[in-house]
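Chains as they are written, first to last, in this note's numbering: chain A, 484 to 653; chain B, -8 to 570.
Where hints are given, some of them may not hold.
Where chain B lies over chain A, by a calculated footprint (3+ residues, C-beta under 8 Å) [stated by the list, open to error]:
hint, region
1, 488 to 498
2, 530 to 544
3, 553 to 567
Straight-line distance between alpha carbons at most 20 Å, and here's what the computed SDA-like set of lysine to any residue pairs gives [to be verified]:
hint, chain 1, residue 1, chain 2, residue 2
4, A, Lys549, B, Gln335
5, A, Lys549, B, Lys293
6, B, Lys305, A, Tyr548
7, B, Lys305, A, Lys586
8, A, Lys549, B, Val174
9, A, Lys545, B, Pro300
10, B, Lys305, A, Ser536
11, A, Lys549, B, Glu221
12, B, Lys60, B, Arg42
13, B, Lys224, B, Gln335
14, B, Lys568, B, Met483
Part of the chain B face toward chain A, derived, beta carbon under 7 Å [said to hold, decoys possible]:
hint, residue
15, Thr73
16, Met112
17, Pro117
18, Lys168
19, Arg176
20, Ser177
21, Pro300
22, Ser301
Hints were generated in silico from the structure; no laboratory data involved. C-beta atoms are modelled at their ideal positions from N, C-alpha and C, and glycine is treated no differently.
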Amino acid sequence: MASQISLLMENQPGALSRVIGLFSQRGYNIDSLSVAPTQDPTLSRLTMTTSESNEVIQQILKQLYKLIDVVMVQDLKASESISLEMALIKVSNKSEVISKIEKNYSSLEFNELDNKDEKTILRLIGDTDNLESLLVELEDDLIEVTRTGALGMTLGNVSLETEEETKVIY
Amino acid sequence: MSNEEINGGDALIRALADENIDLIFGYPGGAALHIYDAIYKQNKVQHILVRHEQAAVHAADGYARATGKPGVALVTSGPGATNAITGIATAYMDSIPVVVISGQVASHLIGSDAFQETDMMGISRPIVKHSFLVQSAEEIPVVIKKAFHIATSGRPGPVVIDVPKNMTDPNYKFEYKYPKDLVMRSFPILGKGDDEKIAAAIELFRSAKKPVIYSGGGTIQADASKELTEFSKLIGCPVTNTLMGLGAFPGNDDQFVGMLGMHGTYEANMVMSEADLIFNVGARFDDRITNNPSKFGLAAKKIHIDSDPSSIDKIIGVDLAIEGDAKLVMQQLIEQVKVSGFDQAIYKDWWSKVETWREAHGLNHDMLKLKNEKDIILPQQVIQSLYQITKGNAYVTSDVGQHQMFAAQYYKFKDPRKWINSGGLGTMGFGLPSAMGVKFAFPDAEVACVTGEGSIQMCIQELSTCGQYGLPIKIINLNNRALGMVKQWQDMQYGGRYSSISYEDSLPDFVKLAESFGHVGIKVEKLSDLNDAMKESFAMKDKLVFLDVLVDPDEHVYPMLEAGGSMSEMRLSKDKKTF
């Protein structure tokens, strides 16, 4: 079961490369990554999944937090959380594909978005494991696929928030 | 004054002055010319012209290690920036506060493969604590302020400021104001340790029978040497320092069992192997210490004090982690011990055992008395001679290799910040430029650069800088006519197949070389001449002396931990080992 880490970082050039660079530099693997600005335009939120062991995850959390551009880090699996992912797939045999989804993957939401040139684009939303099994099953049907990577959020009162600002006075 | 409008170059230099920086090391070039013009127009910040950018950063690094204040280097874009990289990586691995300002092509040219353009932010990213690409001239003062704050606080480290040329445009002026404070989002700096953990640490000492205090470079960086010494005296157990931590606890104190690790003393490594409590302050259980981590300290409970939480449980899991500033944590520990008292007698049996180790295979600190028929000089004897003649008070910088280990083993550093070496990255070429930084910081102190004929040639161009600024450094060259440490490994692990360790007959005449730069060169070939030559070198107070000492080319550094083994598995000489 992959672990999921969420973090808030400065929304500025170079911040993302520091996070990604940390993973290659220290030999950690990233399975998926998703990043976009938050309601505070000075912050971006990044979610990543990784299959590293728990000891390595603890190191990753500390190493990430050490980066000056990273404002807060959270291990989503440490609390109750939800995780889901979206994929767009393009197929030419729409009805077969839809019946496969309906038969075995009822937990996945899907919509039809477009049908140009008799090629259908479907939007799928659901948990990553289900989505991945479906994509394996559809391997011969897929013309192309693109995925967001998993997004996640903890439930209730537990939230990823920034700490108080540190004011350094000389 | 505060409303005066100045340009970005002037602002940068004035901000350095406002940060109390009076000395920077650098090398000019196209993208940095506006900054160099600003240097010319003022006299608060002195610029030292080195001969290679690597040396600029090493000099700034040596200055920082010796003083505890941040060092500053200034280089131009492209090759100036890339030449600085080895220096930055050296500072990064040893957590040294250095600020490197690099020129960059004008912002509209970034990404166009312009002349002398290189992606300094990208190239330096994995080896900096943080880096800044200046986005506007107006932000220069605040960027400088942040850079110094980041470089010097918490676990220190190098910070790069990349300055596109147009940010220092002489015709673009703005109101200069140096910030009095800073707002940083999420930049926690650890202070005191958790009181319950402090108490727990003392309890672990009380219940231990065989404890050891293992201290590293972090203790020196945190200026916690006095506290370490006081605490160790209160507890009364054996103390060992890492290569980076030498001098934090006095090397001439009976409680000190010497350096530990790869080339640590027999007694220090045995103490670590058999300890039932390992108290680590400011060290990081790195691979030169632990040897095989799965065989490390199996019988010991472990306490780890570190200002960087990511160092804790990174390689060796610990029983008690105290996150905090070493100085403050040690003060808390001292306070606690003073209140409750501590009975040192509980370690009596432990000390008897330590003494037997010491007697069996301790370092011979009287090697100068060893005579041999051929009058050949052993490298260890050179260090002992240096130690005697400088009375253990010199600043000693080193390069990397056998000479570095001999210096670490035989120069018994009494004080912190006097042993300056590249422990983490292991950078040959570090010794001479870092000695320049030390000499600028302490012009009246004795500064020796212990080096080898291999290492010294990696930054030998700095003999010219030393001439220009009159830096009477003593270069002690342990000349064994080969890359000694590589040769040692080839002896031990490659059946004596000496691959690329010899210069054949191409070594320079170091005496003439030194003289050609206006310095003094002395060559010593016989043990009977060693002490006199050493005295003579240090007697020349205002001269750089290059003391070229021809040492036994076949000497190895021992003890040496056996690869993949535990800390008790050591080679003690060419034909003696513990396993």
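Tested hints:
1. 488 to 498: holds (count 3)
2. 530 to 544: Check passed, 3 qualifying residues.
3. 553 to 567: Contact hint for the region 553 to 567 of chain A vs chain B: holds, 3 residues under 8 Å.
4. A:Lys549 - B:Gln335: Roughly 39 Å between the alpha carbons, so the hint for Lys549 of chain A and Gln335 of chain B is violated.
5. A:Lys549 - B:Lys293: violated (24 Å)
6. B:Lys305 - A:Tyr548: holds (15 Å)
7. B:Lys305 - A:Lys586: Outside the cut-off at roughly 47 Å; violated.
8. A:Lys549 - B:Val174: This hinted pair holds, its Cα atoms lying about 17 Å apart.
9. A:Lys545 - B:Pro300: holds (7 Å)
10. B:Lys305 - A:Ser536: holds (13 Å)
11. A:Lys549 - B:Glu221: Roughly 31 Å between the alpha carbons, so the hint for Lys549 of chain A and Glu221 of chain B is violated.
12. B:Lys60 - B:Arg42: It is violated: about 23 Å lies between the C-alpha atoms, which goes past 20 Å.
13. B:Lys224 - B:Gln335: Answer holds: Lys224 of chain B to Gln335 of chain B is near 9 Å, not above 20 Å.
14. B:Lys568 - B:Met483: Within the cut-off at roughly 12 Å; holds.
15. Thr73: This hint is violated: Thr73 of chain B lies away from chain A, its Cβ roughly 18 Å from the closest one there, beyond 7 Å.
16. Met112: This interface hint holds because 6 Å falls under the 7 Å limit.
17. Pro117: holds (5 Å)
18. Lys168: Hint on Lys168 of chain B: violated, closest Cβ of chain A at ~14 Å, above 7 Å.
19. Arg176: Constraint on Arg176 of chain B satisfied, holds at 5 Å.
20. Ser177: holds (4 Å)
21. Pro300: OK, holds: Pro300 of chain B within 7 Å of chain A, min 5 Å.
22. Ser301: holds (4 Å)
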